[in-house]
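Asker: Next come the chains, spelled out residue by residue.
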Amino acid sequence: MLKLRKALYGFKQAPRAWNSKLDSELIALGFVRSKLDHAVYRRSSKHSFLLVGVYVDDLIISGPDVTDIKSFKSEMKKRFSMSDLGLLSYYLGIEVKQDDGGITLCQSSYAAKILEAAGMKNCNSCDIPMECRLKLCKLKDGEAIDPTGYRSIIGSLRYIVNTRPDLAYSVGVVSRHMDAPGRDHWTAVKHILRYLKGTMGYGCRYERGAELKPILIGYSDSDFAGDVDDRKSTSGVGYFLGSSLVTWASQKQRIVALSSCEAEYVAGAAAACQGIWLSRLIADMLGTKETKVKLYMDNMSAIALSRNPVHHDRSKHIDTKYHFLRECIEDGKEEVKHVGTGEQVADIFTKALGRVKFVEFRSALGVVCVHQV
Amino acid sequence: MTPYEAWYGKKPGVKHLRTFGCIAYAKKTGPGVNKLSDRAVPGVFFRYEPGTKGYRIYDPVRDKLMVTRDVVFDEQRAWNWEGNDLSKTKGGAVVDTYSVQWDDTIVNPTTAPEPDEDDSDTADGVEPGSPADSDSIPSPGTPSTIPGTPLIQWATPPTGRSMDSEGNPLRYRTVSDLLDSTEELQDFEYSGLCLVAAEEPGSVQEAMSEQCWRQAMQAEMQAIEANQTWEVSVLPPKHKAIGLKWVFKVKKDPEGKVIKYKARLVAKGYAQRYGVDFDEVFAPVARIETVRVLLALAAQGGWEVHHMDVKSAFFNGDLTETVYV
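Line order of the protein sequences matches chains A and B.
To convert a position in the first sequence, counted from 1, into the numbering used here, add 5.
To convert a position in the second sequence, counted from 1, into the numbering used here, add 5.
Chain A with its partners taken away, still in its complex shape (with noise of 0.2 angstroms):
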């Protein structure tokens, strides 16, 4: 018999084990882990730091002093047998490329495959992922298809939206229908796959900045009622770091809102939330003071209601928690300002839009071909 000492692949505790003896290394070297992303470690020398992401066995190393990357590749090859990938190229599937103007994000490869397995390598494309306007409702009496099939390409496309947010509103509103997919859900998904089709080699680019600037701006929009079957809406959030689009969510509501303005405050408590933890994140990450946080919004109603505590009819029945976004203007954490509506970017995660303001808002989020298929 063998008593172990070290952990082996498929233990159930062995990505445990590993985590923190691989915490206990990165810590004895002068790293301290970040408390709100427990996966990202920094460590601040006199004139710089190095920030370090772990992936179970995969670590992405960033800093302004290359010298300090190189040192801390060579303190880690010490440590453990590592084999170094040289600058970043290739992480969880996603194709990432570094070069002067900045860094590009895309999954080319991976929906390549998408198409492969749907069956669709050949297929035309089109410009827009999702008909203008269209309303898929629940299977009622229409011909039902193979879920399982249904569910797998949802599972992948849902992967891709990773570093496409211009998919965010067409893979989520397709999603909704798992349980039961009909002929009309599957003709809905071929229309994705379509326009996946023709923008393979899009992606995400995150330009260069003069000076690191890390200043966050939000955009929160939601439509209304748009769900045919229930009546809740949808919201659209979207966060830049100066230009570059870092997190983007368009979500079900949880309630049946009563007026465009309590859906937009919903919509704009859910982005408080996540850009005081994006603000978080980045302080943490620099080392700096937290900033505070610009969200624009194109309901003026909401805009007020989130500003003053005022008590009205209309809005004396909205949840506590949804005053989350009003508490933490008080607080200064946030700061809301009004958008018109034709450069209120998280429309494109709230409704299918036409061809024109689509491609409009897809450039505005930094979506753009970064590798010619």
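Hints listed in this document are in silico derivations from the structure and should not be mistaken for laboratory results.
Bear in mind the structure is a predicted one, so any value in this text is a computation, not a measurement.
C-beta: ideal position from N, C-alpha, C; glycine also.
One or more hints might be untrue.
Unchecked claim - Per the computed footprint, the stretches of chain B lying under chain A, defined by three or more beta-carbons under 8 angstroms from a beta-carbon of chain A, are:
hint	region
1	233-244
2	273-287
3	291-299
4	305-314
Assemble the complex: chain A is given as a structure, and chain B must be docked to it using the hints.
Answerer: Quick look at chain B alone, frame taken from chain A:
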């Protein structure tokens, strides 16, 4: 009268008694028995196993003893210890090959053709061992006297049992019959890839027979030893050891070319029990949003982003629980 009979009032049962040293077929159980494999292993009846209702069977081929209740005995025959060749001791039917002229193209043996005048031809046309003289297929109903009728091989002689409900002979195809129609691979390089490289071995025995896998397993064992993963010890009473197995993987590049043969020794984690072999299992991983924030910061500041990978990372983790394998 035996003491048993005096006590119980009846004679002891002797139904389970068998001839010592006779051939016994022990049923195969457990994994690795598939649809087409043999259901039993032949062995020699060795003795009765005290304490159980099983028999102890000795398998001279593998040199193994087994205890099992699922045995079929052939008490008329004994193991051939000289040649170890089972076919000599086996009586039974010798498989004869018959060829029958048949003029129907339906291959499914359960589908009987329309009974017509050809049936008599079929019965007449039984010629043991006659070779096929042509390969063209006539249309149904054509008399079989025409040259060019295909021959169907019979694995069993067409006796009374080989007739179906409508009186037509059942048809069979022999293995050689099937193999003749498959073509041998001509492209050597391609066939080599198919047979050696692209396949992952199903068992350790299979892997040991190939150089590439042996090297991969040695590399894995070296990694384990370099990390001082385990020490030899005695399993304390009431402790359960966790099983180990090898997992083999061929790593390929996008064009399908083999990059690496990878062998990994894994523990059968499913046998672990909560609170005994493991407690907490959660391990944090970076959120994809965090990764994007990090990359956006790096892009803005013009930083370089580097990537490193820990080889055999999990061998480094220290176990807090006491686990035996």
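Asker: Looking back at the numbered hints, which does the structure fail to meet, lowest number first?
Answerer: No hint contradicted; all consistent.
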